[in-house]
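Novice: Chain by chain, the residues:
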Amino acid sequence: MNGTKPARAVIEVSGLRKTYGSLVAVDEVSFEVHDGEIFGLIGPNGAGKTTTMECVEGLRTPDRGKISVFGLDPIRDIHKLQNRMGVQLQEAQLQKRIKVWEAVHLWASLYGMKSSDGERLLEQLGMVDKRNTWFMKLSGGQKQRLFIALALINDPEVVFLDELTTGLDPQARRAIWELVRGIRARGKTVFLTTHLMEEAERLCDRVAIIDHGRIIDVDSPEALVNRYCPERTVVLMTDDPSAEVLFRAMPQVAAVSANGGRFTIRGKSEDLVTTVIRCLSENRIRVSDFRTILPNLEDVFIKVTGHSIRD
Amino acid sequence: MHGLGRLMWIELKVFLREPLGAFGTVVAPVLVLVLFGRIGTYVVAGGAQKAATAFFTVDVPVFVTILISINAVVSLVSIMSIYRESGILKRLSTTPLRPSTILTAHVLVKLFLTSMTLILALLFANRSLLTAAGVPFLRFLLAALIATAAILSMGFVIASFVPSGRFAQPITSVLLYPMIAISGLFVPLSSYSPGFRSFARVLPMTYAVSLLHGIWKGEAWAAHAGDIGALFLVFAICTALSTKIFRWE
Numbered sequence: 053m054n055g056t057k058p059a060r061a062v063i064e065v066s067g068l069r070k071t072y073g074s075l076v077a078v079d080e081v082s083f084e085v086h087d088g089e090i091f092g093l094i095g096p097n098g099a100g101k102t103t104t105m106e107c108v109e110g111l112r113t114p115d116r117g118k119i120s121v122f123g124l125d126p127i128r129d130i131h132k133l134q135n136r137m138g139v140q141l142q143e144a145q146l147q148k149r150i151k152v153w154e155a156v157h158l159w160a161s162l163y164g165m166k167s168s169d170g171e172r173l174l175e176q177l178g179m180v181d182k183r184n185t186w187f188m189k190l191s192g193g194q195k196q197r198l199f200i201a202l203a204l205i206n207d208p209e210v211v212f213l214d215e216l217t218t219g220l221d222p223q224a225r226r227a228i229w230e231l232v233r234g235i236r237a238r239g240k241t242v243f244l245t246t247h248l249m250e251e252a253e254r255l256c257d258r259v260a261i262i263d264h265g266r267i268i269d270v271d272s273p274e275a276l277v278n279r280y281c282p283e284r285t286v287v288l289m290t291d292d293p294s295a296e297v298l299f300r301a302m303p304q305v306a307a308v309s310a311n312g313g314r315f316t317i318r319g320k321s322e323d324l325v326t327t328v329i330r331c332l333s334e335n336r337i338r339v340s341d342f343r344t345i346l347p348n349l350e351d352v353f354i355k356v357t358g359h360s361i362r363d
Numbered sequence: 002m003h004g005l006g007r008l009m010w011i012e013l014k015v016f017l018r019e020p021l022g023a024f025g026t027v028v029a030p031v032l033v034l035v036l037f038g039r040i041g042t043y044v045v046a047g048g049a050q051k052a053a054t055a056f057f058t059v060d061v062p063v064f065v066t067i068l069i070s071i072n073a074v075v076s077l078v079s080i081m082s083i084y085r086e087s088g089i090l091k092r093l094s095t096t097p098l099r100p101s102t103i104l105t106a107h108v109l110v111k112l113f114l115t116s117m118t119l120i121l122a123l124l125f126a127n128r129s130l131l132t133a134a135g136v137p138f139l140r141f142l143l144a145a146l147i148a149t150a151a152i153l154s155m156g157f158v159i160a161s162f163v164p165s166g167r168f169a170q171p172i173t174s175v176l177l178y179p180m181i182a183i184s185g186l187f188v189p190l191s192s193y194s195p196g197f198r199s200f201a202r203v204l205p206m207t208y209a210v211s212l213l214h215g216i217w218k219g220e221a222w223a224a225h226a227g228d229i230g231a232l233f234l235v236f237a238i239c240t241a242l243s244t245k246i247f248r249w250e
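If you're matching them up, the sequences are chains V and P in order.
Once you know that position 209 of the first sequence is 261 in my numbering, the rest is easy, because the numbers rise by one and skip nothing.
Once you know that position 248 of the second sequence is 249 in my numbering, the rest is easy, because the numbers rise by one and skip nothing.
Treat the hints with care, since some could be wrong.
[What the hints assert, rightly or not] Straight-line distance between alpha carbons at most 27 Å, and here's what the computed DSS-like set of lysine-lysine pairs gives: (1) V/Lys-132 / P/Lys-91; (2) P/Lys-91 / V/Lys-189; (3) V/Lys-189 / P/Lys-14; (4) V/Lys-166 / V/Lys-182; (5) V/Lys-118 / P/Lys-91; (6) V/Lys-151 / P/Lys-245; (7) P/Lys-91 / V/Lys-195; (8) V/Lys-240 / P/Lys-245; (9) P/Lys-218 / V/Lys-148; (10) V/Lys-240 / V/Lys-132; (11) V/Lys-182 / P/Lys-91; (12) P/Lys-91 / V/Lys-166; (13) P/Lys-14 / V/Lys-195; (14) V/Lys-118 / V/Lys-151; (15) V/Lys-118 / V/Lys-132; (16) P/Lys-14 / V/Lys-355; (17) V/Lys-166 / P/Lys-14; (18) V/Lys-355 / P/Lys-245; (19) V/Lys-320 / V/Lys-355; (20) V/Lys-182 / P/Lys-245; (21) V/Lys-132 / P/Lys-245.
[What the hints assert, rightly or not] Here are the in silico distance ranges between beta carbons for each label pair: (22) P/Arg-18 / V/Gly-219: 44 to 54 Å; (23) V/Asn-135 / P/Glu-19: 26 to 36 Å; (24) P/Ala-182 / V/Ser-74: 22 to 32 Å; (25) V/Tyr-72 / P/Ser-199: 36 to 46 Å; (26) V/Gly-358 / P/Leu-17: 50 to 60 Å; (27) P/Pro-137 / V/Gly-219: 42 to 52 Å; (28) V/Arg-266 / P/Leu-21: 43 to 53 Å; (29) V/Arg-60 / P/Leu-143: 36 to 46 Å; (30) P/Val-33 / V/Asn-135: 44 to 54 Å; (31) V/Asn-348 / P/Gly-22: 14 to 24 Å.
Since the hints were made in silico from the structure, they are not lab data.
All residues carry an ideal CB built from backbone N, CA and C; glycine is no exception.
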């Protein structure tokens, strides 16, 4: 997060439960989204991300629990909230033959904004050259840019982005990430869902891991990695005969395995990598390869749920 | 009603960019009337000539007008069901747009298209048949718009909940086409049994046909105050009902 940690909660969810017939989509879901942060709800498809987000947006009525957005109830006070929220829905569509500029001008008029505000957004999102293109002719990335423009048209305080980059190629995905960071830079709060761990790790200040409709933990990606997967691994190649003894003697090291001249050194200390480098330097051990393997959110997810996010 | 004008303008343009939709709604009814007009010119003199002439000069134009109205309804229901199925309505539901604004925009677009279609149909129809009847075109156009608004409002109710395009066409057809059959257009209401006549009088199409028939034949508005009242009642009830039951997804 840029600078100090935000404290004011703009979204508060507690004890949320939503069922569809006999299917419990989400249960006992509680979290807060702070002012000015990018908050991610992460989990596999069917985990309850979209249901949770749509309850917060006021699109679905929860069976139980309390939701507050800017202190307002998203169902009862939806008309007051709509002007303060920007929404991008998963798998959204527009009229096939609506032109980009027409969509933006329509949305502007629905919020009582000027068409020029929409034109400015098209410029900021790099869509000016597509303004006369029909929606059906846009690429996946261009459609998502347009949906971001529509979500921002009313200059909202909080923006909801549901699976924004699903189905996009890596280049388009990275470009969209930049746009999302830009939204935060304008002082807005972003609440997103994703099943892409890399996206969450690179974009989110804090994430909530959700699986089978329940929140497992909420924190920054770094804090979650340190909490659940503190292991650090260093892999190096050396033909120095004294190396193995020296590595095993380091207090931070939990295990060393040797395979020919290739050593895999494991430990739970954050200082493991520094310690290994210092040992190599002080003992003048010559290495021909050196790599670190650090755990990520994907590892955290497997650790806390017992399965991969793709299962 | 923020955005009503913009929504109407865009919906009209988007509709006209869909070549098949525009053809089916605007061009096809004109062709039907022109075709009937041509057939009418081949009616030969004889015992059946009077009845045939009445059919071609009164019933056919009213029938084509009803077809134009029903086309508008089918188109409205199809568009709304496609919007619902593909998530366009859901996307709009997150904006300050209200169901009443969407329905108003669509009905005004359809009424505009109905007017255009009717004007085109009358322009291209066989002149001799139409002028012979001494038809008050402007009054008939107004009557057609009143009838279409009432028939469209029944379409609203279907459009408010029909889940997908697959259901739109059959539901609309099943509801509307039988209404034409017993509306008095082909068989006079007076020839029905009392029970069946009462049933026909419950249906809005009967009043639409009666109004159009009368105005086409040059009767006064006052003679059809009951028809107009019934059609307004249908419009008011259906509009109120559809905004209540409207589903975004």
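Novice: Now tell me if each hint is right for this structure.
Specialist: Verification of the hints:
Between the alpha carbons of V/Lys-132 and P/Lys-91 the distance comes to roughly 18 Å, so the proposed pair stays at or under 27 Å and holds. Straight-line distance between C-alpha atoms of P/Lys-91 and V/Lys-189 comes to about 21 Å, which keeps the hinted pair within the 27 Å bound. As the CA atoms of V/Lys-189 and P/Lys-14 are separated by approximately 17 Å, the hinted pair is consistent with the 27 Å bound. For the proposed pair V/Lys-166 and V/Lys-182, the alpha carbon gap of about 20 Å is at most 27 Å, so the pair holds.
As the CA atoms of V/Lys-118 and P/Lys-91 are separated by approximately 23 Å, the hinted pair is consistent with the 27 Å bound. Under the criterion of a C-alpha separation no larger than 27 Å, the hint pairing V/Lys-151 with P/Lys-245 is inconsistent with the structure, at around 31 Å. Simply put, P/Lys-91 and V/Lys-195 have alpha-carbon atoms about 16 Å apart, close enough for the 27 Å limit, and the pair holds. Pair hint V/Lys-240 plus P/Lys-245 does not hold up; C-alpha atoms about 35 Å apart against a cutoff of 27 Å.
Simply put, P/Lys-218 and V/Lys-148 have alpha-carbon atoms about 44 Å apart, too far for the 27 Å limit, and the pair is violated. For the suggested pair V/Lys-240 and V/Lys-132, the alpha carbons sit about 18 Å apart, so the restraint of at most 27 Å is met. The suggested pairing of V/Lys-182 with P/Lys-91 holds, with an alpha-carbon distance near 24 Å, which does not exceed 27 Å. Of the pairs offered as hints, the one joining P/Lys-91 and V/Lys-166 holds, with about 23 Å between alpha carbons and a cut-off of 27 Å not exceeded.
With a C-alpha separation of about 20 Å, the suggested pair P/Lys-14 and V/Lys-195 falls inside the 27 Å cut-off, and the hint holds. For the suggested pair V/Lys-118 and V/Lys-151, the alpha carbons sit about 40 Å apart, so the restraint of at most 27 Å is broken. For the hint linking V/Lys-118 to V/Lys-132, the alpha-carbon distance of about 18 Å falls within 27 Å, and the restraint holds. At most 27 Å may separate the alpha-carbon atoms for a hinted pair to count; P/Lys-14 and V/Lys-355 exceed this at roughly 54 Å.
Simply put, V/Lys-166 and P/Lys-14 have alpha-carbon atoms about 21 Å apart, close enough for the 27 Å limit, and the pair holds. This hinted pair does not check out: V/Lys-355 and P/Lys-245 have alpha carbons roughly 49 Å apart, beyond 27 Å. Annotation: proposed proximity of V/Lys-320 to V/Lys-355 holds, straight-line Cα distance about 15 Å (limit 27 Å). Of the supplied pair hints, the one linking V/Lys-182 and P/Lys-245 is violated, its CA atoms being roughly 38 Å apart against a limit of 27 Å.
Between V/Lys-132 and P/Lys-245 the CA atoms are separated by roughly 21 Å; this keeps the pair inside 27 Å, and the hint holds. Separated by about 26 Å at the C-beta atoms, P/Arg-18 and V/Gly-219 break the suggested range of 44 to 54 Å. The supplied range of 26 to 36 Å is met by V/Asn-135 and P/Glu-19, whose beta-carbon atoms lie about 33 Å from each other. Under the hint 22 to 32 Å, the C-beta atoms of P/Ala-182 and V/Ser-74, about 45 Å apart, miss the expected range.
Here the CB-CB span from V/Tyr-72 to P/Ser-199 is close to 45 Å, well matched to the stated 36 to 46 Å. Distance hint check for V/Gly-358 and P/Leu-17: the Cβ-Cβ separation is about 56 Å, which falls inside the suggested range of 50 to 60 Å. Under the hint 42 to 52 Å, the C-beta atoms of P/Pro-137 and V/Gly-219, about 58 Å apart, miss the expected range. V/Arg-266 and P/Leu-21 have their C-beta atoms about 49 Å apart, which keeps the hinted 43 to 53 Å range intact.
A C-beta distance of roughly 59 Å is found between V/Arg-60 and P/Leu-143, which places it outside the suggested range of 36 to 46 Å. Under the hint 44 to 54 Å, the C-beta atoms of P/Val-33 and V/Asn-135, about 48 Å apart, fit the expected range. Hint check: V/Asn-348 to P/Gly-22, Cβ distance near 50 Å, so the stated range 14 to 24 Å is violated.
Violated hints, listed in ascending order, are 6, 8, 9, 14, 16, 18, 20, 22, 24, 27, 29, 31; each of the other numbered hints is respected by the structure.
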